[in-house]
Structures are given as structure tokens and as C-alpha cells.
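Participant: Protein chains in written order, with this note's numbering: chain A, 10 to 253; chain B, 10 to 253; chain C, 10 to 253; chain D, 10 to 253.
By construction, these hints were calculated from the structure, which means they are not laboratory data.
Do not rely on the hints blindly, as some may be mistaken.
Note that the list lumps identical chains together, so a pair holds whenever it fits in one copy or between two copies.
Cut-off 20 Å, straight-line C-alpha distance, at most; resulting in silico cross-link-like pairs (SDA-like, lysine to any residue) [to be verified]: (1) K129 x E228; (2) K22 x T39; (3) K129 x S89; (4) K22 x S41; (5) K22 x D113; (6) K22 x P40; (7) K147 x R186; (8) K22 x Y166.
Protein chains: 4
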Amino acid sequence: MLGQDLAHDLMGKVGFGELAFWLVAGRRPTPSETRVFEAVLVALADHGFTPTAIAARLTYLSAPESVQGALAAGLLGGGSRFLGVTEDAGRFLAGTLASSTWTDDMPDADWDTIALAAVKDARAERRLVPGLGHPVHKQEDPRTPVLYTIASEEGLYGPHLRLFAAIGRVHPQVLGRTLPLNGAGVCGAALADLGLPIDMLRGFALLARAAGILGHLAEERRDPIGMDIYHAIDRNTAYIPDEA
Amino acid sequence: MLGQDLAHDLMGKVGFGELAFWLVAGRRPTPSETRVFEAVLVALADHGFTPTAIAARLTYLSAPESVQGALAAGLLGGGSRFLGVTEDAGRFLAGTLASSTWTDDMPDADWDTIALAAVKDARAERRLVPGLGHPVHKQEDPRTPVLYTIASEEGLYGPHLRLFAAIGRVHPQVLGRTLPLNGAGVCGAALADLGLPIDMLRGFALLARAAGILGHLAEERRDPIGMDIYHAIDRNTAYIPDEA
Amino acid sequence: MLGQDLAHDLMGKVGFGELAFWLVAGRRPTPSETRVFEAVLVALADHGFTPTAIAARLTYLSAPESVQGALAAGLLGGGSRFLGVTEDAGRFLAGTLASSTWTDDMPDADWDTIALAAVKDARAERRLVPGLGHPVHKQEDPRTPVLYTIASEEGLYGPHLRLFAAIGRVHPQVLGRTLPLNGAGVCGAALADLGLPIDMLRGFALLARAAGILGHLAEERRDPIGMDIYHAIDRNTAYIPDEA
Amino acid sequence: MLGQDLAHDLMGKVGFGELAFWLVAGRRPTPSETRVFEAVLVALADHGFTPTAIAARLTYLSAPESVQGALAAGLLGGGSRFLGVTEDAGRFLAGTLASSTWTDDMPDADWDTIALAAVKDARAERRLVPGLGHPVHKQEDPRTPVLYTIASEEGLYGPHLRLFAAIGRVHPQVLGRTLPLNGAGVCGAALADLGLPIDMLRGFALLARAAGILGHLAEERRDPIGMDIYHAIDRNTAYIPDEA
Chain A
10 MLGQDLAHDL MGKVGFGELA FWLVAGRRPT PSETRVFEAV LVALADHGFT PTAIAARLTY
70 LSAPESVQGA LAAGLLGGGS RFLGVTEDAG RFLAGTLASS TWTDDMPDAD WDTIALAAVK
130 DARAERRLVP GLGHPVHKQE DPRTPVLYTI ASEEGLYGPH LRLFAAIGRV HPQVLGRTLP
190 LNGAGVCGAA LADLGLPIDM LRGFALLARA AGILGHLAEE RRDPIGMDIY HAIDRNTAYI
250 PDEA
Chain B
10 MLGQDLAHDL MGKVGFGELA FWLVAGRRPT PSETRVFEAV LVALADHGFT PTAIAARLTY
70 LSAPESVQGA LAAGLLGGGS RFLGVTEDAG RFLAGTLASS TWTDDMPDAD WDTIALAAVK
130 DARAERRLVP GLGHPVHKQE DPRTPVLYTI ASEEGLYGPH LRLFAAIGRV HPQVLGRTLP
190 LNGAGVCGAA LADLGLPIDM LRGFALLARA AGILGHLAEE RRDPIGMDIY HAIDRNTAYI
250 PDEA
Chain C
10 MLGQDLAHDL MGKVGFGELA FWLVAGRRPT PSETRVFEAV LVALADHGFT PTAIAARLTY
70 LSAPESVQGA LAAGLLGGGS RFLGVTEDAG RFLAGTLASS TWTDDMPDAD WDTIALAAVK
130 DARAERRLVP GLGHPVHKQE DPRTPVLYTI ASEEGLYGPH LRLFAAIGRV HPQVLGRTLP
190 LNGAGVCGAA LADLGLPIDM LRGFALLARA AGILGHLAEE RRDPIGMDIY HAIDRNTAYI
250 PDEA
Chain D
10 MLGQDLAHDL MGKVGFGELA FWLVAGRRPT PSETRVFEAV LVALADHGFT PTAIAARLTY
70 LSAPESVQGA LAAGLLGGGS RFLGVTEDAG RFLAGTLASS TWTDDMPDAD WDTIALAAVK
130 DARAERRLVP GLGHPVHKQE DPRTPVLYTI ASEEGLYGPH LRLFAAIGRV HPQVLGRTLP
190 LNGAGVCGAA LADLGLPIDM LRGFALLARA AGILGHLAEE RRDPIGMDIY HAIDRNTAYI
250 PDEA
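Bound-form chain A, shown alone:
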């Protein structure tokens, strides 16, 4: 695996997050990269009773002999609407950088110029800017400043994070209101700054979520609520079930 001797070179010497990075990127991350990467996975792991967590619990209720089925059902909701922001933000930022001229050390004002053009373009084409806004955190997503701090501490505050920060500064000029940079979006920026392939960013969000779903299944095992959820929904509909 990875050109290494699994037993002697990897086991006990490589963390699990580090291995996941290595398997996808094809190169071993530095300790700094590992810290940022694991912070992203932690940030994305669990978000309470999301639709995907409920789907996993109900599938576990129906087929408790197949943990793999419940986990798969939970991951299948990892699509455009609830888990796509990370990759969408990474792609938006990478696309903007690809068509702009920039250097890592240019001043904020120059980043703002690029950001302003990108937000205006999106607006003109009626596209959303991914990573802006959050249904609960109306002012600030607490994950955002923490991930910026970690990336700075580790010397990994790169162009995607810089551009995303600039979007946070300039978007009110275009959109007419101030939205927070959400955590899923900043995770996408941070992963892109780690040089990970944009097409696989959703994959990391799914890996993180896999841990979260296992947590839900373990909790469902200890303290089941799936049957209550089922009955609550069933009672409130016009359907007459023919069979439980």
C-alpha cells in the first residue's frame, strides 16, 4: 500500500487522517497539513439530526443486521444540497483563481478586487456563491475563524482561503446584505489550499460524515429513537399502512 510495507512502515506510525490524505493525494502530508486536514474532518463529522443521520437510523431500524447498509444509506444523502458546499466552494474558488492573476503575498485590496469580480459575475449569472450563509449561525459560524487560525498557525493560509476571506469582505457591496462565511465553505477552501483534487473534496466530507453516522448508529443501538421517529411520522400522515 502506497509503496510502503503496511505492517512495518504504517501501522502505529501513521494516523488515520494522515493515511486518508495519503491514499487520495498520493503523497504523505506533512504534520502541518495533517493538522489542518484533521481539523476539517472534525468540523464536518457530525451535525446532529440531519436528513442523512435520520435516514441512517431508520435503515438501521429496518435492517439491524446490515450496518454497512445503514452507513451507505446515510452517505447517499451526501449530495448537492446538504453536503455539497465543501466541494462547491472549493470549485468556485479554484475556478476563480484559475482565471485570475494573483500572487500569494499580494495585499488584501488586490484579493478584494478579484473577489468582487467573482461575486459580481455569479450574481449576473444568478448563481449562488457557495459557502455564504448558514441556517443557524446568522452572524458567524464559529468554525470559520478557528479554521483560519489553524491554517495560519501551520503556514497553510493559501490563495483559496485568502480569496474566500476576501469574498467575506466584499460580498455585501454586491448582495446588499452581510452573510457569514460558513464552516463547510471554509473547509473547502482549506482542502483546496492543501492541494487536494477538487473532484474529491466531497469524498472527504463523506469520510468525515461516515464517522458521524457511526456515532449515530452507536447511539441508536444504546438508546433507540428510530421507532419513535417512524411512528411520529406515520401518525401524522393520511396513509393507512398495510403492513409495518
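Fit chains B, C and D to the given chain A structure using the hints.
Facilitator: Just chains B, C and D now, with coordinates in the frame of chain A:
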């Protein structure tokens, strides 16, 4: 496909249920067999807001671009607890027949003798007799007499259905109370009498359910309730979601 | 279910394909509609060792206790590349009709005008015209004329099929070569002419494929080849497996 | 999450493996526990072209727009046959311990007595002893001594690992040949010694495998082989595909 010319021998000449039987059994069913088989699929197709239907709707809510993911999530709940009765009943009946001596035309009293021994054995080993009882239909599952009638009309009232009927007559002697023969169980008996492989009976229940889930997804598309389900559950838990 | 008494109104009286149409469309199909619909399902059910069939067989090999998992794995390949043509064609045709002026009984020449404009537009935007071409059938997909005949016989040769036929006539003028109308595309046109929701067309392809996958799993059970497939692939790669 | 402030208490301070342990077990692991746990995840992450990896790659080939579907398809093969050993071994060991009298510090000879009885019982009931034997490593699975060493170094060489080692010593007396203790089995023993719930051991194997599958998908993206696999299989079968 099936040694036939798909376009000229099958399209427009073979029904979809007929084809499904043919693909699995490796032989074309007679019209009588097709009628019983399709009655079973219809009986198993949809049962309101089952956990699997809810899982499918929530997955569709999260990833509307992937109908295949929502359908798969719904089918993954087709395990031991909510969709296993059909196969379990077929297996129980087939196993009992394999270890008993019987003829198709023996009188009910002889079937009762076999059934009584089988129910007593199950009781002694603390195993459930699959196909007995229903959470809603406490007296009679309306599907049961209808499927018996159809099988009789078509000359397909075979040993599995006979044995299952005998179980319906004798189990109160052993269990001390009278339970209805449920529809999922009688479907298993009918499929086994059609000579279909026992190991694939759950597969037919899943095929039937696939149509039911598509019905749910179409309804979710016209008249979405997934978001309400999500919010209702989310509100009633102690979790604080970090992200929608 | 469907405002009907499942046991008395549906079982034994409604075919399985008919029921699937009814569940999705919210209305009972006529016998003519049912015949076209089932011809489509038959046309789409099985296509040999597609990637999805192989994925289902390998999953069954790995987890034979979970038929639902193998079926789900097979359906998850039902995405844009191998199973998307049906819906893509339906959407292309419906979109063209929505932005054109037409009557059911106008002459072929008028359909050709609409078709020519649509193919030119697609070409100009470098989009593929879905439903054109087939990897095996270079001259004609045998399913295509058969489905046209069935639709005509049943009085269901509507605007989507007419427009698709016109595309078959005019596209060489734009593309510079003659491609056959493939069966998956004509299925999309026929389903759209049945008034079924475009967003659910992939769902019908998946339902058809579910029957095909069950056929593969039954065959894998009788005559397993999954292990051979696995070993054949494994032998031809540079990987050293650490564990089977 | 976990009664902690996600942003301030967890991000950047907790590794991803540590978080996964915490979410499932409901308690934070010690650094020693984390090291053993991550060594297990690393040991189980990737095993070359397993059936599950092939299923994931073929699903990605068919539906490249849905990474979640490809990942789910790969996980669905995580059933009894190829990924079940970890949980099976943990359950076998835990069951034996539950019905035996033992202390952590008793001499090897006493562990051998318990192990001998357990292997004899399994043999008498014609059950396999999970964790014995490996298709490639006929003498020794290199992961086994490494994980024993790590567990010893961390003071986590507990009763499940002791009993498993004893099985390694005594089974030739009963089975008449010497089989290696495989890595998947020793992982199950190590997880059980960490106090993790036996019912969730397959879940950890799935989490590890999720990282391995993402590695396969990233490689498939860089250097695709799915189409070659498909064509190789397709060419070697009697099927005539109707459609690619």
C-alpha cells in the same frame, strides 16, 4: 436476453412482471403463474410511511440530483425486520416440507399434523413462526384470503400455501392465542409454490418495494414533506445542529 | 394505496407494471399506455455484463446475506453515463417542444424544421444530442423500430416520438454522419409521450434495471462467476493484496 | 457535539481517528487507546483490488457525478464474507470470555485451557474459528505481530488479545494443522480490548475501508481502469450487450 431476441420476441409481448419472473427463474411463467406473481408484487409494493420510504424521501431531499441514491437508500432498509417476512416464511415452510412426508392431495387433517409439529418445534427452540401476526390487522390481513383465492383460481394452491393455512388453524393450540396469517407471509408461501428459489424471495419483495419507493419520490417531488419531517425531528431532539 | 382497497381492488386485477405507472403518475394507465410502458421496461431491463451488473455480482459475492445491498450497489451505477440516456433524451425533447410551436398532426417536414434547429443549437453549444448512436448497433438499434410500431399500434405516437424521429432524419445534415436512434433514447421519448414526469424517467430505467439485476443475482447464485472476475482483475494489477 | 464546543474544544485538538472513537464509544480515548485504534484503522484501510474496490470503481465509471454512490457501493460489500472477520473474531472472543473464568494476569497455560475448550466446541459444532488463516499469508500475517507489539507498548494487551494468542498456540491440536492468526482477526481482538461495542466493530472496518475506497476513486480519476475491467469481463462472457 433469455435466449430470445429482445426486440422481436419480448418487447410488447411480455409483461414486466412476467419478465422479472423469467429473468430470476430462468423459465417463462405461464399466464396463471404470472397472475399470482403479479398479485404478490402488488401486495408488497407500498405500505405508506414505512422507515424505508422515509429514508428514501430524506435522501431525495438531500441529494435530489441522484434518484438512484434515494431509491438505493430506500431499498437498504429491506432487511430482516421490515421486509424479511416474505423470505422467512418461505424458508420456514420449505424447510418444514423438506423434512416431512406429504402429498399435494392429502386431507387438511394431515397438513395440520405437520403444521402442529413445526409450530411446536419452533416454540421449543424459542423461534418465531414467520408470517403470524400483524401490527395493524389484529383479526385478519385482508391480503391473505385474496391471495389464497387467486392461487386457487389459477390452480396454484400448492404445498407451501397449504402448510401455511394449516399453521393458521393449529397455532392457537401451541401459542395460546390466535394470530392472523399476514400478507407478507402468504406472499412468501405463494412465491415458494411458484417454484421460485427461496434465497431470492427477498429480491422480489425488494422489486415490489422499488415501485413503491418511486411512488414516494414522485409524490415528494409534487408535494414535498421531507423538509418538514427533518425539521420536526430536529426540533424534538437535544442536538444543536452546526450546519443544515 | 392510490385511494383503492389494495386487497380487493388491486391484487389480481392490476399488473405490476400498471401499478408502477399508477404509483408514479398518480393516475391509472389505460391498457394501451400499459402496453407501451411495459415494452419500455422490458427494453431497459437487462443488458448483459454492464458495469452495474458486475458491481451487483461482486457485492453479492462479498455480502451474500444482504441481497438488498447487492441490488442497491447495482442501482447506484444508474447515473449519467450508463443509464442516463432515457431521461436525458426525454428532457431534450420536452425542452425543445416547450420552446417550439407545433401540433400533433403537422407534416413530417414541419417536425424536421424543429428538429434541425434543435440539433443545430446543440451543436453550436457543443452539447450532445442524447439518444443518438450506440456502441454496438452502428446501423440500427433493433429496439427502436419495434417501440415505434408498438406506440403506433396503441395510438400513442405523440410529439416526443415524432420529434425524435425527425432528429433521426435531419441530424446527418448537421453532424455530417448518420447515427442510429438508440433504444434508450426512444424509451425516453415514449415515456414522455405517456405524460410521465421527466424528472422520474431515470426512476423507470432503474426499476427496469432492478429486475435485470435480480436476474444477475439469481444467475450468480446458480452459477457463480464473481470470484473468477475478482481473481482475474486482481491477477492483472500491481497490487499485492494484504487480505482477501 | 459530544458535549463539547466543536469549534473551540475539538477542531485542531482532536485527531480524526480519536473523534471517531469518541463518537461511537461515547468517551474520549486516551493517547494510548488512540494509537492502537488508529493502527487498526490503518491495517484495515486498503487491500488492493478487492471485490468492494472493484464495485466502487465500476460505479464511479457509470455515475461519475455521484461520488457518494460509488463510495456507498463499495461499502455495501462490507458484509459477512470479505469484511466480517474483524467483528466475528471480536464476538467469538467476547463470547468465550463471557462464559469462562479468567483474570488478566493468569499464566499462558490457563489461557490455553480456555482457548482449547473454545476451539473444540467450535469444531464439535462445525463452526469456523474466526481469524484463523489467510489466503495469501500462509505462515504469518505481518500485521499480527505488529499489532500485538503496539498493544503491548501501550499497555492495552487485554484478555481478547491474550485469548486470541492462545488460540494461535492451541488450535493445531484440534484442527491438525497450523494456521496463522490473520490481521483482520487480531484487529477485532484489539478493538474489543479497547472496550468498543462488539456490534459496532464492523462499523470501524467500514470506516477504515471508506478511506481505502476514496483512495481507489482518486486513482480511478487519475488513471482510469474501470472501462478496461468492464470490457475485459464483457468480452469473456456469452452475453451480447444490447446497450453499453
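Participant: Enumerate the violated hints, using their earlier numbering and listing them in ascending order.
Facilitator: 1, 3 and 5
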